Amino acid sequence: MNKLLVLLVSVCFYFIGYAQENNDTIKISLIDAVDMALKNNPNLRAYYYDINSLEGIKRQAGLLPNPEADLEIENILGGKELNGFTGAEYTLSASYLFELGGKRNNRVNLVNEEINSAKSNYELLKLDIISQVKKTFIELVKIQHQIKLHHKLVNLNEEILKIISERVKAGRTSFAEESKVKIELIKSRIELQRFQRDYLSTQTKINSLCGTSGKNFVPSSDLFDALLSPPNKEEIFHEIENIPSIKYLNNETNIRKAQLELEESNSVPDLTASLGIRYLNELKTNSFVAGLSMPLPFFNRNQGNIQSAEIKVRQMEELINAQKLSIIESVTASFNNLVIAYNNAVQFNENILPESENAYEITSKGYLQGRFAFIDMLDAQRTLFDTQAQYLLELSEYYNSIIEIENLTGKNYLIIN
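Taking this note's numbering, I'd label the letters of the sequence shown as residues 3 to 419.
The set of hints was computed from the structure by calculation and includes no laboratory data. There's no promise every hint is true.
Cross-link-like lysine-lysine pairs, in silico, DSSO-like; alpha carbons within 27 Å at most [what the hints assert, rightly or not]:
#1 Lys367 / Lys164
#2 Lys235 / Lys128
#3 Lys207 / Lys29
#4 Lys121 / Lys41
#5 Lys137 / Lys259
#6 Lys326 / Lys217
#7 Lys217 / Lys235
#8 Lys137 / Lys60
#9 Lys326 / Lys128
#10 Lys29 / Lys235
#11 Lys121 / Lys314
#12 Lys217 / Lys150
#13 Lys137 / Lys314
#14 Lys249 / Lys326
#15 Lys314 / Lys41
#16 Lys41 / Lys29
#17 Lys207 / Lys259
#18 Lys184 / Lys128
#19 Lys171 / Lys60
#20 Lys150 / Lys171
#21 Lys171 / Lys154
#22 Lys29 / Lys137
#23 Lys105 / Lys60
#24 Lys154 / Lys184
Listed next, with one range per pair, are the computed distances between beta-carbon atoms [claimed, not checked]:
#25 Lys164 / Gly372: 29 to 37 Å
#26 Glu363 / Glu243: 37 to 45 Å
#27 Ala96 / Val315: 37 to 45 Å
#28 Glu363 / Thr334: 40 to 48 Å
#29 Asp272 / Phe239: 46 to 54 Å
#30 Lys207 / Leu230: 20 to 28 Å
Since the model is a prediction, treat every value here as computed from it, not as a measurement. Note that the Cβ used here is the ideal one computed from N, Cα and C, for glycine as well.
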């Protein structure tokens, strides 16, 4: 039964490896991946249409009102002298609405501020896409290392199984130890397949972010080979008020101020002027008519809308202060995670990994010489590979913390060719 299970797992492992090897690979750097996403990401491309559509709204906001034509016939179909069209009066006139108080300019200014806000929101969306691409790239690098690590583990277990099988045949080791090694081999192969599936899933994600499909991207740079130094804390918090999310809220404030100016101009009544010609059928003569009209702002001076707009402007001050505090809290948390992950990675690289490798080497040699039990060797092996796996997780956590800080501050600390 054990042999059959080993055979089945080996066949699955072979076909997965074969499928990966036969895909055309495209080496891509972190910068290349980011550039590709900024050019081709469908969400970014779709959002740009929103900005362009606002240009049309701006054009519409600046258009003058259309003049109106009016035809009026009076004194028709009445009694006595006004029977039929005998006493009819025909008036043809044109009227025009003159917008006062700077309404048209204020409408245009409002749309201009909306365009600026949309552009700043576009920058936030770009930062989010860049963050996702970088995190996915880091994930690809991490899984690559995990696959290499578990390839080594599979090969190591295969070698151990050969040695144990020979010792069983020679009567120097029990069948129970051989079964334990077979189980470890099967588990390591299953784990390897899981990472290979994760790799394919991450490939799909980075394809989606970059606006491509079916590409087998392979990172050309390995961020895990050399640990980058962490960014300076003072530099991270420098000019925190100029970060993209605060700029976006400042633009939203400008929108509300422009809306207030528009509401104030709407309190000014508009003037309608008319000019026309009148024909008097009874006298067989023409005359001119002219008129001016304007609403009298006795009751409605748009004071309710003005009050609402003023409150919304004051509200933005509180929202900006709240956002600043939230950003500082988030950046501080990410920086603390970064420092912890960096220190852990340094400890793993300089102390824990060398000690684990040394312990495994001593134990494996000692087992072959009969100085250590089989369970001691397996325990040392698990400790070594668990340590190496944990080191990869610490590196991943470190770089992801840097990316979080980049996304919050709009600064670039992870520059890898």
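Q: Would you check the hint for Lys137 and Lys60, treating anything up to 27 Å between C-alpha atoms as holding?
A: 38 Å, violated
Q. When you check the alpha-carbon spacing of Lys207 and Lys29, does it fall within 27 Å?
A. 16 Å, holds
**Q.** Restraint status (C-alpha distance of Lys121 to Lys314 at most 27 Å)
**A.** 21 Å, holds
Q. Are the Cα positions of Lys137 and Lys314 separated by 27 Å at most?
A. 37 Å, violated
Q. CA of Lys29 to CA of Lys235, is that 27 Å or under?
A. Violated, at roughly 33 Å.
Q. Holds or violated: are the alpha carbons of Lys326 and Lys128 at most 27 Å from each other?
A. Roughly 20 Å separates the two Cα atoms, so the pair holds.
Q) Is 20 to 28 Å a correct range for the gap between the Cβ atoms of Lys207 and Leu230? A) 23 Å, holds
Q) Taking 46 to 54 Å as the hint, is the beta-carbon distance of Asp272 and Phe239 inside that range? A) 51 Å, holds
Q.
Given the hinted pair Lys105 and Lys60, is their Cα-Cα distance within 27 Å?
A. 13 Å, holds
Q. Would the pair Lys207 and Lys259 pass a check requiring their Cα atoms to be no farther apart than 27 Å?
A. 41 Å, violated
Q | Holds or violated: Lys184 to Lys128, with C-alpha atoms at most 27 Å apart | A | Not satisfied, since the Cα-Cα distance of roughly 50 Å exceeds 27 Å.
Q: Assess, step by step, whether the Cα of Lys326 is no farther than 27 Å from the Cα of Lys217, and give holds or violated.
A: 40 Å, violated
Hint check: violations occur at hints 5, 6, 7, 8, 10, 13, 15, 17, 18, 19, 20, 25 and 26; the rest are consistent with the structure.
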